[in-house]
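> Each chain, letter by letter, is given below.
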Amino acid sequence: MLKSLFNFRFRLTAAIFLVALGATVTGLVYYYLNAKRQIWSQMSNRVKDFGKIGVTLMNADDLRYLEKLDTNLNDTRRNTAPVPVSGATLSALADDEKIKIIRTTPFQIIVQKLRRLRFASGKSAVYESILPAGLEATAEPQIHRAWIAGIKMHVHAPNFLRVLCADEFEEIDRNNNQRIDPEESIYHIGDVFNARGLTGLSAALAGEVTVGSGYRSEHSGVYISGYTPLKNAKGEVIALLVIDFSAATEFDALFRLKVTGYYIIIAALLFSIMAAATTSRFLLRPLEVMQKAAVRIGQRDFSVRVATQSRDELADLAFALNLMAQELGEYSTQMERRIAARTSEISGILEALEQGILTVDNRGLIQSEYSAATLRIFATDDLANRKFSTLFENEKLAQSVDRFINLFFSRNDISVQMLEKANPLREIEYINGAGATKNLRFSFRPLFAEDGTTVGRLLVSIVDDTDEAKLRERITLAETQQRSELDTLMNLIRIPQPILEAFIEQQEAYLSAGKDLIIRFDALDPASVTAFAQQVHALKGNALQLGFDELGTLLHRIEDYLEVMLRQTPYDRRFTRHEISQILNLSEQAIISRETLVSRIRHLIGAADNSAANSQLSRLRAFWLSKIQERAAIAGIQIAPEVSFADGSERVVGQLHNVIVQLLRNTFAHGIESAAERQSRGKPAELSIRLIITRAMTGFAVTYYEDGRGFAQIAQGSTLTLAELLQKGLTGAQRSATLEAGRGLGMDFIASSIQSLRGDLRITSQNGSTIIHITLPD
Amino acid sequence: MQILIVDDSELMRTIVEQVIRENLREAAAKIRFYHAANGKDAMDIFQAEPVSLVFLDWNMPVLDGVEFVREIRGSGNKVPIVMITSVTDSEKILQAAAAGVNSYVEKPIRGPQLWDQIAMFFRHAGF
Chain X
26 MLKSLFNFRF RLTAAIFLVA LGATVTGLVY YYLNAKRQIW SQMSNRVKDF GKIGVTLMNA
86 DDLRYLEKLD TNLNDTRRNT APVPVSGATL SALADDEKIK IIRTTPFQII VQKLRRLRFA
146 SGKSAVYESI LPAGLEATAE PQIHRAWIAG IKMHVHAPNF LRVLCADEFE EIDRNNNQRI
206 DPEESIYHIG DVFNARGLTG LSAALAGEVT VGSGYRSEHS GVYISGYTPL KNAKGEVIAL
266 LVIDFSAATE FDALFRLKVT GYYIIIAALL FSIMAAATTS RFLLRPLEVM QKAAVRIGQR
326 DFSVRVATQS RDELADLAFA LNLMAQELGE YSTQMERRIA ARTSEISGIL EALEQGILTV
386 DNRGLIQSEY SAATLRIFAT DDLANRKFST LFENEKLAQS VDRFINLFFS RNDISVQMLE
446 KANPLREIEY INGAGATKNL RFSFRPLFAE DGTTVGRLLV SIVDDTDEAK LRERITLAET
506 QQRSELDTLM NLIRIPQPIL EAFIEQQEAY LSAGKDLIIR FDALDPASVT AFAQQVHALK
566 GNALQLGFDE LGTLLHRIED YLEVMLRQTP YDRRFTRHEI SQILNLSEQA IISRETLVSR
626 IRHLIGAADN SAANSQLSRL RAFWLSKIQE RAAIAGIQIA PEVSFADGSE RVVGQLHNVI
686 VQLLRNTFAH GIESAAERQS RGKPAELSIR LIITRAMTGF AVTYYEDGRG FAQIAQGSTL
746 TLAELLQKGL TGAQRSATLE AGRGLGMDFI ASSIQSLRGD LRITSQNGST IIHITLPD
Chain G
82 MQILIVDDSE LMRTIVEQVI RENLREAAAK IRFYHAANGK DAMDIFQAEP VSLVFLDWNM
142 PVLDGVEFVR EIRGSGNKVP IVMITSVTDS EKILQAAAAG VNSYVEKPIR GPQLWDQIAM
202 FFRHAGF
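Listed in order, the protein sequences are those of chains X and G.
Residues are numbered in this note's numbering as their position in the first sequence, beginning at 1, plus a constant of 25.
Residues are numbered in this note's numbering as their position in the second sequence, beginning at 1, plus a constant of 81.
Derived from the structure by calculation, the hints contain no laboratory data.
Don't take each hint at face value.
Below 16 Å or equal to it, Euclidean Cα-Cα: the simulated EDC-like pairs (lysine to aspartate or glutamate) are [to be verified]:
(1) 256(X) with 86(X)
(2) 463(X) with 489(X)
(3) 123(X) with 74(X)
(4) 121(G) with 145(G)
(5) 421(X) with 376(X)
(6) 159(G) with 438(X)
(7) 125(X) with 198(X)
(8) 188(G) with 91(G)
(9) 259(X) with 92(X)
(10) 421(X) with 172(G)
(11) 173(G) with 427(X)
(12) 173(G) with 445(X)
(13) 463(X) with 438(X)
(14) 111(G) with 91(G)
(15) 421(X) with 170(G)
Partner residues aside, some chain G positions facing chain X, computed with beta carbon under 10 Å [stated by the list, open to error]:
(16) 161
(17) 163
(18) 181
(19) 185
(20) 186
(21) 187
(22) 188
(23) 192
(24) 201
Residues on chain X that point at chain G, a partial pick, calculated with CB under 7 Å [stated by the list, open to error]:
(25) 124
(26) 126
(27) 128
(28) 130
(29) 134
(30) 137
(31) 433
(32) 438
(33) 440
(34) 446
Nothing here was measured: the structure is a model prediction, and the numbers come from that model.
Backbone N, C-alpha and C define an ideal beta-carbon position, used for all residues, glycine too.
With the rest of the complex left out, here is chain X (with noise of 0.2 Å):
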């Protein structure tokens, strides 16, 4: 740039140097030339002026003896002589002849007009040599010599003039050098003079006044020649009167003229360079300012501004280059904004991203964006700079995670399908920095490079698939196992299978049973309907607690029935007969119907505790701790429930699964007191209900413990035994029975199955708590 702009300055310095040169040089010839023309004017019109003098001096008598000269000269008897080649050389008469002419009055008088002519051409009018001392010329005559040539000659031979009179016919210094000149020889009478191309000469023949070009004699510098003719009374030229006028003086003159001239050029030239030197550099410099800008411009320096002072075109261009640089800073800095806005919309979309992303250069390093959710899958904090392979600790996995990064970007020729199935991320068991086992799937993307062609990044994005694998993994479980839909459900909400199990074959006895008791109606023993209505209150129980409130609600129908049955007369027992029987099949349809078994348990699903660890015992207590709560919930009050069975209890939880559910009924539907009730009677707030299943030395060992109302049949502070209980029947029973609890038959259900389990029981009651021992044999 600097180079240039110096090339540009060379280029405006010649440009200046030239014109302002070309200027003074023709205004210098131009000047020159004029002078030299005005000054050859003046001098041609003085030789003429001289001219026309010469011609008044000379008289008639004058022009007569000299046309008289003229023709004895040119008589043809003495022209024998050849024609002469140039000057003055060819002498046409002896020297007497001459002297003869010379020594007469008329030759005389015209040679001094002569003289007087050319003296009149110097300071002094008159011939030296008779001027006193005090008079003497000081310079000499400025005409150097006066003769007249005559024209016979001339009509004999073109060209050729004969001199017939001149101003001295002896020697003389004309030039004052104190010796003579070749040029100072005379002009002899009858001389022949060679005129041919002399300038002016033919029209002073024709009759006019003339003035012939310049020469330049060797020692008496410069003259030209004046013609004027000499005329006859009848205007015929008879002769010329030359004049050979010294022009030293403007020649001279004219060459100082030229001298000065080339000093001026040189002086000029000078001038010139420096003057273009400095205005180049003048106009130049805030050109260069302005580059310097546009440079530092360049350098994305916008703050750069030009000062201006002047009001040209320079500034005008000083004041766009600093527009130029205000809007490039403003454009820049909203890029600028424009893009840190975009970085921390990328930023904000990175960190809100569920999956997985970064990316990887062709060195295979992590680059430094990725999403939060990136480091929280490999649990670790930082991820920039790390070679990818590296996040895989199984060597091989990690050389093959290598090559197919490389693959990305050393070739371009493989398809889509290809790389996809060559992918050894696709779908892997991971386990990240914090040990959790992750199930991922990684996909591989190449980003173009600015070119379009060559991959620039690899972007990676990775699905953390661990949940979705789990279900996967359950529901192919359950698809293997060749589940029925019910099993899967059971499976699926974790309700403990024994139990279900168990309450459909509860339900398949009754059935029969109630199928029985119609047949057998009329003769019925009241021991059997006792047996039947434990096992309807038995399966309420058990219906209530799963949902099947219709169920529920036809059995206490039933119970109401048998209730009353053996104390009515043969005809109203007919019609209870038929209740039965009417209530018997309803309930057949509540439970034979798989459908809505399945719905119910759908419905159970939301309830389920999915946090129940696997093991069967553990489901158990989950299951019983669940309905405790359940019932707390129902009954709107605080409970301090503990559930514990021993290992291996499982059958023992099963076999009094009726019994306990018959303990939960009565502790709510009559153990239930408010929390004022309770703080009265000096019992903490919460209910404290406690089922515990221990190991004993034969058997196991169930304590159940609550402490609300206790139970109706006991008295407060004393214990009922197995065989007590078992005593009482149904003698007990009270009338304001609800659909909970209240007939007794609760207790007698609970003490036969204890019987028929071969166990034994032991209810004790005190301090305002009941405690129910169970023991069983294995």
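Keeping the supplied structure of chain X fixed, place chain G upon it in accordance with the hints.
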């Protein structure tokens, strides 16, 4: 255009040729098909003819598919190679890609799927 189909099963070779013929219709007349039952035979054909597209099975007697590809690529030839195979292991497919295979069709092949995979090679060849 010369297409080389390499597979030890004659049925497979016929199916591949049929899929191409059906999809290209009249244009298929401009194609010469070469069949080879193993990598060695394929190599003989390959060296004798200016083949412009190769369909290749993986597991073959004498010289298997990937070995064949390595030899071809080793000699600097860049002919498009489509692998037709029942191999699905990503590690093996990665090996094939690294050896120089350009595309992959999974066995058992279905006409449209195969055609989707190879249509681009014909577009590239100006069909």
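> Against each hint, give a clear statement of whether it holds in the structure.
Now the hints, each set against the structure:
Taken as a hint, the residue 256(X) and residue 86(X) pair is honoured in the structure, with Cα atoms around 12 Å apart against an allowance of 16 Å. A threshold of 16 Å between alpha carbons decides the hint, and for residue 463(X) with residue 489(X) the separation of about 7 Å falls inside it, so the pair holds. For the given pair, residue 123(X) sits about 31 Å from residue 74(X) by alpha-carbon distance, which is inconsistent with the 16 Å threshold. Simply put, residue 121(G) and residue 145(G) have alpha-carbon atoms about 8 Å apart, close enough for the 16 Å limit, and the pair holds.
For the hint pairing residue 421(X) with residue 376(X), the CA-to-CA distance comes to about 32 Å; that exceeds 16 Å, so the pair is violated. Distance restraint check for residue 159(G) and residue 438(X): the Cα-Cα separation of roughly 10 Å lies within the 16 Å cut-off, and the hinted pair is therefore satisfied. A threshold of 16 Å between alpha carbons decides the hint, and for residue 125(X) with residue 198(X) the separation of about 25 Å lies outside it, so the pair is violated. Under the criterion of a C-alpha separation no larger than 16 Å, the hint pairing residue 188(G) with residue 91(G) is consistent with the structure, at around 15 Å.
Distance check on the hinted pair: residue 259(X) and residue 92(X) sit about 13 Å apart at the alpha-carbon level, within 16 Å; holds. Between the alpha carbons of residue 421(X) and residue 172(G) the distance comes to roughly 10 Å, so the proposed pair stays at or under 16 Å and holds. Restraint check: the Cα-Cα separation between residue 173(G) and residue 427(X) comes to about 15 Å, which is no more than 16 Å; the hinted pair holds. At roughly 13 Å between alpha-carbon atoms, residue 173(G) and residue 445(X) fall within 16 Å of each other, so this suggested pair holds.
Among the hinted pairs, residue 463(X) with residue 438(X) is inconsistent with the structure: their alpha-carbon atoms are about 33 Å apart, more than 16 Å. With a C-alpha separation of about 22 Å, the suggested pairing of residue 111(G) with residue 91(G) is violated against the 16 Å cut-off. Under the criterion of a C-alpha separation no larger than 16 Å, the hint pairing residue 421(X) with residue 170(G) is consistent with the structure, at around 14 Å. Taking 10 Å as the C-beta cut-off, the interface hint given for residue 161(G) holds, the closest approach to chain X being about 7 Å.
Checking residue 163(G) against chain X: minimum C-beta separation of about 8 Å stays under 10 Å; hint holds. A distance limit of 10 Å between C-beta atoms decides the matter here; for residue 181(G) the minimum to chain X is near 8 Å, and the interface restraint holds. Against a cut-off of 10 Å between C-beta atoms, the interface hint on residue 185(G) holds, since the closest Cβ of chain X lies about 4 Å away. For residue 186(G), the interface hint holds, the least distance from its beta-carbon to any beta-carbon of chain X being 8 Å, beneath 10 Å.
The closest approach between the C-beta of residue 187(G) and any C-beta of chain X is roughly 7 Å, which is under the 10 Å cut-off, so the hint is satisfied. Interface hint at residue 188(G): violated, since its Cβ lies 12 Å from the closest Cβ of chain X, which is beyond the 10 Å cut-off. For residue 192(G), the interface hint is violated, the least distance from its beta-carbon to any beta-carbon of chain X being 16 Å, above 10 Å. Of the supplied interface hints, the one on residue 201(G) holds, with its beta-carbon coming within about 8 Å of a beta-carbon of chain X, less than 10 Å.
Of the supplied interface hints, the one on residue 124(X) is violated, with its beta-carbon coming no nearer than about 126 Å to a beta-carbon of chain G, more than 7 Å. Interface restraint check: residue 126(X) against chain G, minimum CB-CB distance 124 Å, threshold 7 Å, status violated. Because the closest C-beta pair between residue 128(X) and chain G is about 130 Å apart, greater than 7 Å, the hint is violated. Hint on residue 130(X) is violated. Least Cβ distance to chain G is approximately 130 Å, over the 7 Å limit.
Restraint check, residue 134(X) versus chain G: the minimum CB separation of about 125 Å is more than 7 Å; hint violated. The beta carbon of residue 137(X) is not positioned within 7 Å of any beta carbon in chain G (closest approach about 123 Å), and the interface hint is therefore violated. With a cut of 7 Å, the hint placing residue 433(X) at the interface with chain G is violated, because the nearest CB-to-CB distance is about 10 Å. The closest approach between the C-beta of residue 438(X) and any C-beta of chain G is roughly 5 Å, which is under the 7 Å cut-off, so the hint is satisfied.
The beta carbon of residue 440(X) is positioned within 7 Å of a beta carbon in chain G (closest approach about 4 Å), and the interface hint is therefore held. Taking 7 Å as the C-beta contact cut-off toward chain G, the hint placing residue 446(X) at the interface holds, the least distance being around 5 Å.
Of the numbered hints given earlier, the model fails hints 3, 5, 7, 13, 14, 22, 23, 25, 26, 27, 28, 29, 30, 31; all others are met.
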